[in-house]
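All chains should be modelled from the sequences, with the hints used to inform the complete structure.
The listed protein sequences correspond, in order, to chains A and B.
Quick note: the first sequence, position 266, residue 266 per my numbering, numbers continuous.
Quick note: the second sequence, position 24, residue 450 per my numbering, numbers continuous.
In short, the hints are calculated from the structure, not lab data.
Just so we're clear, the structure is a prediction, and the values are computed from it rather than from any experiment.
In this text, a Cβ means the ideal position worked out from N, Cα and C, and glycines have one as well.
Hints may be right or wrong, so weigh each one.
[Claimed, not checked] Distance condition first, Cα-Cα at most 27 Å in a straight line; then the derived DSSO-like pairs of lysine-lysine: (1) A:K145 <-> B:K476; (2) B:K467 <-> A:K194; (3) B:K480 <-> A:K187; (4) A:K414 <-> B:K539; (5) B:K467 <-> A:K187; (6) A:K187 <-> A:K206; (7) A:K194 <-> A:K77; (8) B:K480 <-> A:K135.
[To be verified] A few chain A positions that, by computed beta-carbon distances, are all more than 12 Å from chain B: (9) D42; (10) G63; (11) H231; (12) P263; (13) L299; (14) H379.
[Said to hold, decoys possible] Simulated DEER-style distance windows between Cβ atoms: (15) A:S18 <-> B:D583: 22 to 32 Å; (16) A:D49 <-> B:P451: 53 to 63 Å; (17) B:D551 <-> A:D325: 43 to 53 Å; (18) B:L463 <-> A:D353: 33 to 43 Å; (19) B:D583 <-> A:K8: 37 to 47 Å; (20) B:D594 <-> A:S120: 51 to 61 Å.
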Amino acid sequence: MVTNPLTKNIDMSRAPFSLTEYEAADGYQSIKNIAAGLNPGDVMQQVKDSGLKGRGGAGFPTGLKWSFVPQGENSAKQKYLVVNADEMEPGTFKDRLLMEGDPHLLIEGMIIAAYAIGASVGYIFLRGEYKVAEKALQKAINEAKERGFLGTNIAGTGFDLNIILHTSAGRYICGEETALLNALEGKRANPRAKPPFPQVSGLWGKPTIVNNVETICNLPGIMRYGIDWYHGLTKGKDHGTKLFGVSGRVKNPGCWEMPLGTPIRELLEGKAGGMQDGLSLRGFLPGGGSTDFMLPEHLDLLLDYDEIAKVGSRLATGTMIVLDDQTCPVGMIGNLMTFFSHESCGFCTPCRDGLPWVDAIFKELESGAGKEKDLQILHDHVDYMGPGKTFCALAPGATAPLGSGLKYFADDFKRHIDERCCPYNH
Amino acid sequence: MSEVGMSDNVNVIVSNAKRARKLTPEEIAEIEHEMELYPDKKAVGLEALKIIQKHQGWVSDESLLAIAKYLAIPVADLEGVATFFNLVYRQPVGKNVILFCNSVSCWITGCDKMKRHIGDRLGIDFGETTADNAFTLLPVPCLGDCDNAPVMMVGDDLHRRLDFEKIDEIIANYQKQD
Ligand SMILES: Cc1cc2nc3c(=O)[nH]c(=O)nc-3n(C[C@H](O)[C@H](O)[C@H](O)COP(=O)(O)O)c2cc1C
Ligand code: SF4
Ligand code: FES
Numbered sequence: 001m002v003t004n005p006l007t008k009n010i011d012m013s014r015a016p017f018s019l020t021e022y023e024a025a026d027g028y029q030s031i032k033n034i035a036a037g038l039n040p041g042d043v044m045q046q047v048k049d050s051g052l053k054g055r056g057g058a059g060f061p062t063g064l065k066w067s068f069v070p071q072g073e074n075s076a077k078q079k080y081l082v083v084n085a086d087e088m089e090p091g092t093f094k095d096r097l098l099m100e101g102d103p104h105l106l107i108e109g110m111i112i113a114a115y116a117i118g119a120s121v122g123y124i125f126l127r128g129e130y131k132v133a134e135k136a137l138q139k140a141i142n143e144a145k146e147r148g149f150l151g152t153n154i155a156g157t158g159f160d161l162n163i164i165l166h167t168s169a170g171r172y173i174c175g176e177e178t179a180l181l182n183a184l185e186g187k188r189a190n191p192r193a194k195p196p197f198p199q200v201s202g203l204w205g206k207p208t209i210v211n212n213v214e215t216i217c218n219l220p221g222i223m224r225y226g227i228d229w230y231h232g233l234t235k236g237k238d239h240g241t242k243l244f245g246v247s248g249r250v251k252n253p254g255c256w257e258m259p260l261g262t263p264i265r266e267l268l269e270g271k272a273g274g275m276q277d278g279l280s281l282r283g284f285l286p287g288g289g290s291t292d293f294m295l296p297e298h299l300d301l302l303l304d305y306d307e308i309a310k311v312g313s314r315l316a317t318g319t320m321i322v323l324d325d326q327t328c329p330v331g332m333i334g335n336l337m338t339f340f341s342h343e344s345c346g347f348c349t350p351c352r353d354g355l356p357w358v359d360a361i362f363k364e365l366e367s368g369a370g371k372e373k374d375l376q377i378l379h380d381h382v383d384y385m386g387p388g389k390t391f392c393a394l395a396p397g398a399t400a401p402l403g404s405g406l407k408y409f410a411d412d413f414k415r416h417i418d419e420r421c422c423p424y425n426h
Numbered sequence: 427m428s429e430v431g432m433s434d435n436v437n438v439i440v441s442n443a444k445r446a447r448k449l450t451p452e453e454i455a456e457i458e459h460e461m462e463l464y465p466d467k468k469a470v471g472l473e474a475l476k477i478i479q480k481h482q483g484w485v486s487d488e489s490l491l492a493i494a495k496y497l498a499i500p501v502a503d504l505e506g507v508a509t510f511f512n513l514v515y516r517q518p519v520g521k522n523v524i525l526f527c528n529s530v531s532c533w534i535t536g537c538d539k540m541k542r543h544i545g546d547r548l549g550i551d552f553g554e555t556t557a558d559n560a561f562t563l564l565p566v567p568c569l570g571d572c573d574n575a576p577v578m579m580v581g582d583d584l585h586r587r588l589d590f591e592k593i594d595e596i597i598a599n600y601q602k603q604d
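Rendered as structure tokens:
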């Protein structure tokens, strides 16, 4: 039984599988199933039943999202599938592994998704710096075209799909799905108002599904091995496996596929080997820079969406950033604030004005010029830029490490002010 | 498509009355190829900017005007796109662009020290180019390689687990190639 469907073909010490090799390893079965009469409604139902949740950050059920795409006679004929491969969330390095390691898995997943929703064009929105992934994906697309798995009348079924690789040019906000659509249309990448949701009116006003790379990479396994197998993978409540990463000053940083519901300790102490000698764990952001800090006391919680939410954080991308006891938490949060401030698209006031202010305060704290009242200003901004108060989730994402950091590391903030310098030796 | 580079009566509002330059046949061929992939010309704007940058090293006002004209899209819109993206260079850059990750995991693993070392070796700060035009140093957000932090890219190549010796070696290698 396959237990690692996302990474079973990945071995970074060699080139990724060619189409032939991928096919020999149980790949592109879905094309045969489609040729044998599997219909789009069945695919949609199977993905719904799988319980797959989006791996791009928000954890929205994939089958449910797809079901919002209008179908039938009167629906728009042109529909689009877009794969979000922008991966710019600080501390996140999972989609790169999938694209460099097994590009055909993503292509097959896209075929399955496009078939289910009725899309004849699929764009991969790839971050511009991912040059190795770009080459690997373009090669895979070309091979699939040659083999007749992409193009017109695939497997003689009348199903058409073209996949177009779009490389971006470095702006975090493009990862937000509606900003991404504007970017693809050649516009400035500001987010769009919702509703209308992209599923109904997305790319060039047509119904569009945006899914994360890892989400799409779950599909071939679900279709090939079935629901019972998929449901058997998890150790917790949410289904399937997930890529989990650990970065920071641990012994063995890396990215591994593990069942959802695995205890955090198994990831941090098992796979990542625990902290480097002489360091101890202070806290961690469980799923990238936009998540709330968690503490050593949370290590026995499970890597499950609901379980992490219970302590006020989010599983999000599943790539954990570890803070050790000799790294300044104020400096770490300040680094994130500089990032968010720089990447704000400037469209709405709380974020455009708030983040630079927050960033400036962190620079003062770092230089020893911080004042008592600055802490209140920081607290206020957690509220001003919180969920529901800005046009998109970038600013609320920034408040996650900020708000939780102010709470958990209050003493460190205070020492920066009292001692008029950073008490850590960097 | 032949009107590119001809003396024109459009775009007079732009950038100190600069003129569109003539796009090269290779640039045009590559832009034409992109145009087949999108339903309208506006969507090709970023791709066209990147194509020009690949050939010219950066995107001058004259190039920007030429692209806008070729795609028949408003210059201001294209300028808006060009300035929005970190990797579209609107100023000349050196032969090798160093994209230095200064995001959180690299920060935790000591990227500030690495950056100072590069600064000492090359005498440049972020946004600057060496006098011999060999290197430009730019900050870049998380390169998605955090388990190998600290990291940087030089051109298309990723360099991982940086330390002082590695940086010296990398710089020396690129200097040798010049
Ligand atoms: C500022 C911002 C950046 C984002 N960046 C990404 C990204 O790089 N990749 C991604 O898949 N989702 C990103 N998202 C989430 C997307 O908006 C969207 O929820 C996701 O692509 C949906 O895919 P999924 O349902 O498969 O998870 C980002 C969201 C925000 C607010
Ligand atoms: S929250 Fe920030 S990034 Fe999002 S729309 Fe507002 S200004 Fe732009
Ligand atoms: S933080 Fe530097 S590569 Fe991710």
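Hint check results:
1. For the hint linking K145 of chain A to K476 of chain B, the alpha-carbon distance of about 25 Å falls within 27 Å, and the restraint holds.
2. Distance check on the hinted pair: K467 of chain B and K194 of chain A sit about 26 Å apart at the alpha-carbon level, within 27 Å; holds.
3. A C-alpha spacing of about 21 Å is found between K480 of chain B and K187 of chain A, which places the hinted pair at or below 27 Å, so the restraint holds.
4. Distance check on the hinted pair: K414 of chain A and K539 of chain B sit about 26 Å apart at the alpha-carbon level, within 27 Å; holds.
5. As the CA atoms of K467 of chain B and K187 of chain A are separated by approximately 11 Å, the hinted pair is consistent with the 27 Å bound.
6. Between the alpha carbons of K187 of chain A and K206 of chain A the distance comes to roughly 16 Å, so the proposed pair stays at or under 27 Å and holds.
7. For the hint linking K194 of chain A to K77 of chain A, the alpha-carbon distance of about 22 Å falls within 27 Å, and the restraint holds.
8. Of the pairs offered as hints, the one joining K480 of chain B and K135 of chain A holds, with about 16 Å between alpha carbons and a cut-off of 27 Å not exceeded.
9. For D42 of chain A, the non-interface assignment is confirmed: its Cβ lies about 30 Å from the closest Cβ of chain B, beyond the 12 Å cut-off.
10. With a least CB separation of 28 Å from chain B, G63 of chain A remains clear of the 12 Å interface cut-off, as annotated.
11. With a least beta-carbon separation of about 30 Å from chain B, H231 of chain A lies farther than 12 Å from that chain, consistent with its non-interface assignment.
12. For P263 of chain A, the shortest C-beta to C-beta distance to chain B comes to about 20 Å, beyond the 12 Å cut-off, and the non-interface label holds.
13. Once the 12 Å rule is applied to beta carbons, L299 of chain A is consistent with being away from chain B; the minimum gap is 19 Å.
14. With a least beta-carbon separation of about 22 Å from chain B, H379 of chain A lies farther than 12 Å from that chain, consistent with its non-interface assignment.
15. Taking the beta carbon of each, S18 of chain A and D583 of chain B are about 24 Å apart, inside 22 to 32 Å as hinted.
16. In this structure the hint that D49 of chain A and P451 of chain B lie 53 to 63 Å apart at CB holds, the actual value being about 54 Å.
17. Checked against the hint of 43 to 53 Å, the C-beta distance between D551 of chain B and D325 of chain A comes to roughly 31 Å, which is inconsistent with it.
18. In this structure the hint that L463 of chain B and D353 of chain A lie 33 to 43 Å apart at CB holds, the actual value being about 38 Å.
19. For D583 of chain B paired with K8 of chain A, a C-beta distance near 29 Å fails the hint of 37 to 47 Å.
20. D594 of chain B and S120 of chain A have their C-beta atoms about 52 Å apart, which keeps the hinted 51 to 61 Å range intact.
Consistency note: the structure conflicts with the earlier hints numbered 17 and 19.
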